[in-house]
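Here the protein sequences come in this chain order: U and F. The opening position of the first sequence corresponds to residue 1 in the numbering used here, with each subsequent residue numbered one higher. The opening position of the second sequence corresponds to residue 1 in the numbering used here, with each subsequent residue numbered one higher.
Keep in mind that the hints are not guaranteed to be accurate.
As the list claims (entries may be wrong) - Within a straight-line C-alpha distance of at most 25 Å, the following computed PhoX-like cross-link-like pairs (lysine-lysine) qualify:
1. F:59 / F:143
2. F:158 / U:471
3. F:59 / U:471
4. U:471 / F:143
5. F:158 / F:53
6. F:155 / F:59
7. F:53 / F:120
8. F:53 / F:143
9. F:59 / F:148
Claimed, not checked - Computed from the model, here is a short list of chain F residues facing chain U with C-beta under 10 Å:
10. 75
11. 77
12. 81
13. 82
14. 100
15. 126
16. 149
17. 150
No wet-lab data here; the hints were simulated from the structure. For glycine and all other residues, C-beta sits at the position ideal for the given N, C-alpha and C.
For reference, the chains in residue letters:
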Amino acid sequence: MRIFYLTICYLLILFSLKAQTTSTDQQDLFGVSYSKKGKIVRMVTIRETPAALNGQSTGNFVNSALLPVYRGETVFVTGEEAYTSNGSLAKTLLKSAGVATLGYALGKNEFYSGKENPRHRTSRALIPAVSAGVAVSFHDVMKARGLPDAGLEYYLYNKEKKIVASGTKRITRQSRDKFAGFNLPIAISEDGFLQVVYKNKGKSHVLVNKLQVTFEQNNDYIPAKGSIANDLNLQNNAECMPDHECGTCDEGTECYNECVCHPSWCEPDDPDPCWIDPCICDPWGCGEDPGDPGDDPCDYDPYSCDCYSYADANPCECSIDCGPGPEDPPDPPVVDPCNQAMKNQATMASSFYNSRVAPIPKPFLSTLSTNPNEQVWTIQTDNTIGFYSPGSSNTAPLDFNHYTSAIGHTHPPSAIPAPSPRDIYTLNNVAQNTAVGATTDSYIYAADGSLYVLHVTDPSELSTFTSTYPKAGNLDAATNNFVTGTPLQLEMEKAINYYTSTGGLSYNAAYEKAFAYVLDQGNTGLTLMKMNPVTNQFEPMLVTGNFTNPAAPVYTQHPCN
Amino acid sequence: MKLLLSISIVLFAVSSCSAQKTGTQSVPHIPAAQKCFQGDTLQYVQNCIMNHKDRYIGKPLDSLLSELEIPFGSVMNSIPHNNTAIVDHSTLSFYNLLTTIGRSGARIPKTVLLSIIWEKPLPSQATLDLTRESKGNWSAALKEYFGKQVIKDIKMVKYD
Chain U
1 MRIFYLTICY
11 LLILFSLKAQ
21 TTSTDQQDLF
31 GVSYSKKGKI
41 VRMVTIRETP
51 AALNGQSTGN
61 FVNSALLPVY
71 RGETVFVTGE
81 EAYTSNGSLA
91 KTLLKSAGVA
101 TLGYALGKNE
111 FYSGKENPRH
121 RTSRALIPAV
131 SAGVAVSFHD
141 VMKARGLPDA
151 GLEYYLYNKE
161 KKIVASGTKR
171 ITRQSRDKFA
181 GFNLPIAISE
191 DGFLQVVYKN
201 KGKSHVLVNK
211 LQVTFEQNND
221 YIPAKGSIAN
231 DLNLQNNAEC
241 MPDHECGTCD
251 EGTECYNECV
261 CHPSWCEPDD
271 PDPCWIDPCI
281 CDPWGCGEDP
291 GDPGDDPCDY
301 DPYSCDCYSY
311 ADANPCECSI
321 DCGPGPEDPP
331 DPPVVDPCNQ
341 AMKNQATMAS
351 SFYNSRVAPI
361 PKPFLSTLST
371 NPNEQVWTIQ
381 TDNTIGFYSP
391 GSSNTAPLDF
401 NHYTSAIGHT
411 HPPSAIPAPS
421 PRDIYTLNNV
431 AQNTAVGATT
441 DSYIYAADGS
451 LYVLHVTDPS
461 ELSTFTSTYP
471 KAGNLDAATN
481 NFVTGTPLQL
491 EMEKAINYYT
501 STGGLSYNAA
511 YEKAFAYVLD
521 QGNTGLTLMK
531 MNPVTNQFEP
541 MLVTGNFTNP
551 AAPVYTQHPC
561 N
Chain F
1 MKLLLSISIV
11 LFAVSSCSAQ
21 KTGTQSVPHI
31 PAAQKCFQGD
41 TLQYVQNCIM
51 NHKDRYIGKP
61 LDSLLSELEI
71 PFGSVMNSIP
81 HNNTAIVDHS
91 TLSFYNLLTT
101 IGRSGARIPK
111 TVLLSIIWEK
121 PLPSQATLDL
131 TRESKGNWSA
141 ALKEYFGKQV
151 IKDIKMVKYD
C-alpha cells in the first residue's frame with residue numbers, strides 16, 4: 001500500500017509538472033513561429049502609453065506600426081520597465097504549510113498501530129503530509145519562480161515590405177519594482193520600414209514606463225524627434241492618456257504630436273474644442289521654416305493625414321508655447337446672400353402665391369395635420385386646380401400639361417416637413433416640360449403647418465444639376481432621400497449632423513438648413529423659401545459656406561432684410 | 001492515510017485543471033485586419049474592409065469594430081424623409097465630427113467614410129439623443145449601442 005500511495009503521489013506531481021510546461025506554438029505578427037520556451041504570459045500593464053508606439057497593447061506584447069526608416073540611419077529603441085509582485089509566493093507557502101499540517105494531524109494516529117517503534121510514529125505521518133504539501137504547492141512554486149526576462153524584437157522591411165533583417169534583445173530584469181532601462185540600437189541598411197515589438201515573457205505584470213524610438217542614444221525620456229516623430233503619429237482621435245501631457249513643441253524642427261489635446265483642457269464653450277486632425281500637425285511647427293510666408297507650414301503628410309491650416313488659433317489650450325505661428329489667412333469675403341436679386345425673387349414668389357394660389361379653394365387641406373398620404377395637385381394658368389390625387393404615404397402621381405404654372409403637395413405627419421430631394425426632380429420634370437419659365441414654384445404644405453416653396457431662380461442651372469446628378473443613381477425612391485453613400489447624401493448628412501450635434505437643433509430644423517445648404521452647394525438653381533405667417537411673405541432660407549473651417553461657421557440669413 | 005490521500009487527489013485535480021487552462025492560454029488573437037493597415041486609411045478601408053465586407057454583413061457592428069485597427073471617431077445618422085421615426089443608416093468616420101466635416105468640405109483627398117445600412121432600422125429619437133450626448137463623436141456609449149445593431153450593407157464614401 002505504501003508503494004501504491006507513493007506511486008500515486010509521484011504520478012500526480014508528474015502530471016502537474018506536465019501541465020505547467022505545456023504551451024502552444026506561438027507565432028509572431030508575421031506568421032513566424034518561435035521557441036516553445038515562451039511561457040505562460042500575463043497582461044502587460046502599460047503605465048503610460050508609449051508615445052512612440054502604436055496602441056496595440058493587449059495581451060503580452062506591444063507592437064509598433066511600420067515606421068519609415070532610411071538607409072544609413074541608426075535608430076534607438078529605449079525604455080524602462082518594472083515587474084510587480086503579486087504575493088503569490090507567500091500564498092503558496094501558506095497553502096503548502098496548511099495542507100501539510102492538516103495531513104499530519106489527520107495521519108499521525110492513522111499510522112500508529114501501537115506496535116511500531118514510537119520513534120517512527122512521527123515520521124510515518126510526517127513524510128506523506130509533507131509530500132502532499134509540496135505536491136500541492138509545486139504548481140504555484142513553478143509559477144512564482146524566477147521571472148524570465150522580457151524582450152525586444154525588431155523587423156526591418158524594404159520598400160516592398162519584404163523582411164530583410166530582424167533581431168532580438170533580451171531585457172534583463174532587475175529587482176522587483178525597480179525600473180530597468182534598456183537601449184537597443186538598430187542600424188538601417190536600406191530604405192524601408194521598421195517594426196518594433198516588445199514582449200513580456202514573464203508571468204507577472206510588467207509596467208512599461210517608457211518606450212520610444214529615437215535618433216538619439218539617450219535613456220532619458222525625451223519626445224521623439226525628426227522624421228520618425230512625425231511618422232509615429234497616431235490616429236488616436238484626439239484623446240490623450242489621462243496623465244499624459246502635451247509633448248514638447250520644437251519650433252526648430254518638425255511637427256510634434258505626443259498627444260492630441262485632451263478635451264478637458266479646452267474652453268468649455270468651444271463648440272468642439274479638440275477637433276484637431278489626430279494625424280497631427282501643429283501648424284506652427286511644420287515644414288522647414290515655420291512662418292515662412294512662401295510656404296504652407298502644414299503640408300506634411302505622414303500617414304495620409306494632411307496638415308491643413310487653421311483659420312483660427314488652436315482651440316485646445318496646450319500649455320506649451322509653440323512660438324509665433326503663420327499669419328492668419330485673410331477673412332473670406334463676406335457674401336451677402338440676401339442681395340437685391342434674391343429679395344426680388346422672394347417678392348415675386350410671395351406675390352404670385354398670394355394673388356393666384358392662395359385664393360384657390362383647397363378643401364383637401366382640411367385634413368393636412370392627420371392625413372397619412374401625400375396629396376398632389378397642379379395649378380393651372382387660369383388659377384384653377386388642374387389635377388389632384390389623394391396620393392399615398394410615400395409618393396403620388398402627378399399629371400401636368402403645358403398650362404401648369406405651379407405644383408403643390410403635402411407632407412404627412414410621418415415625413416420631414418421641409419422639401420425632399422425627390423421634390424427637386426419632380427419640379428425639374430414639370431419645369432422642363434411646360435412652357436419655358438411657366439412653372440417656377442413647387443409648394444409644400446407640411447403637416448406641422450409649415451408652408452415652403454421651392455422657387456426656380458435659374459431653370460438652366462436646375463437642368464444642369466439634374467443632368468449632373470440624374471435621378472437614377474442619386475434619388476432613393478424608398479426614402480425620398482439622396483442615395484446612401486453618394487456625395488449629395490453625404491453633404492446632407494454632415495450638415496444635418498453639424499446642426500443637431502453642435503447646434504442643438506431638432507432633426508427637422510437641422511434638415512431644413514441642410515436642404516437649403518445642398519441647394520446652394522449643388523448649384524441647383526432653386527431657392528428654398530418659407531412662409532412667414534405673420535407677414536404672409538415667403539422668406540428665402542439661405543445657407544452659404546462649405547463647412548471647410550468650423551471656426552468660421554456657415555450662416556443662414558432668414559429672413560433677408 | 002486514505003483521507004489524506006483523498007484530499008491530496010482533490011487538491012491536485014483542482015490545481016492541475018487550472019494549470020491546464022493557463023498552460024494552453026495562447027497569445028491573444030491578432031485580428032486579420034490588423035496586418036492590413038499600412039498607414040493609408042483609404043487603402044485600408046478598401047482592401048481590408050470593403051473587399052471583405054461579407055464578413056460583417058448580417059452580423060452586429062461589433063464584428064467590424066473588433067477587427068478595426070484604427071477606431072472610429074464620429075457618427076452621422078440619417079433619417080428617411082418619409083419616415084422620421086427611424087434611422088435607416090449611419091455614416092461612420094475615423095475622425096471626430098468637425099474634422100470630418102472640415103475635411104470633406106475642403107475635399108481633402110482620401111477622406112473616407114463608411115455608411116452602415118442597418119438590417120433593422122433604429123429608433124430615431126433614441127439614436128439621435130445618444131449621439132447628441134457626445135456631439136456626434138464616437139464614444140463608449142455609442143459603441144455599445146451601435147455595436148449590437150446588425151449590418152445589412154456597407155458603403156464606402158470618399159473624395160478623390
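These are the hints, each one checked on the structure:
1. F:59 / F:143: Holds, at roughly 15 Å.
2. F:158 / U:471: Holds - the C-alpha atoms of residue 471 of chain U and residue 158 of chain F are around 21 Å apart, at most 25 Å.
3. F:59 / U:471: violated (32 Å)
4. U:471 / F:143: Violated: residue 471 of chain U and residue 143 of chain F sit about 35 Å apart, past 25 Å.
5. F:158 / F:53: holds (17 Å)
6. F:155 / F:59: Satisfied, since the Cα-Cα distance of roughly 15 Å is no more than 25 Å.
7. F:53 / F:120: The given pair, whose Cα atoms are some 18 Å apart, holds under the 25 Å limit.
8. F:53 / F:143: holds (19 Å)
9. F:59 / F:148: holds (9 Å)
10. 75: It holds, given that the least Cβ distance between residue 75 of chain F and chain U is near 8 Å, below 10 Å.
11. 77: The hint holds - residue 77 of chain F has a Cβ within 10 Å of chain U, the shortest such distance being about 7 Å.
12. 81: holds (4 Å)
13. 82: At about 5 Å, which falls below the 10 Å cut-off, the nearest Cβ of chain U leaves the hint on residue 82 of chain F intact, so it holds.
14. 100: At 7 Å from the nearest chain U Cβ, residue 100 of chain F passes the 10 Å test, so the hint holds.
15. 126: violated (13 Å)
16. 149: violated (15 Å)
17. 150: With a closest approach of 16 Å, the residue 150 of chain F hint is violated.
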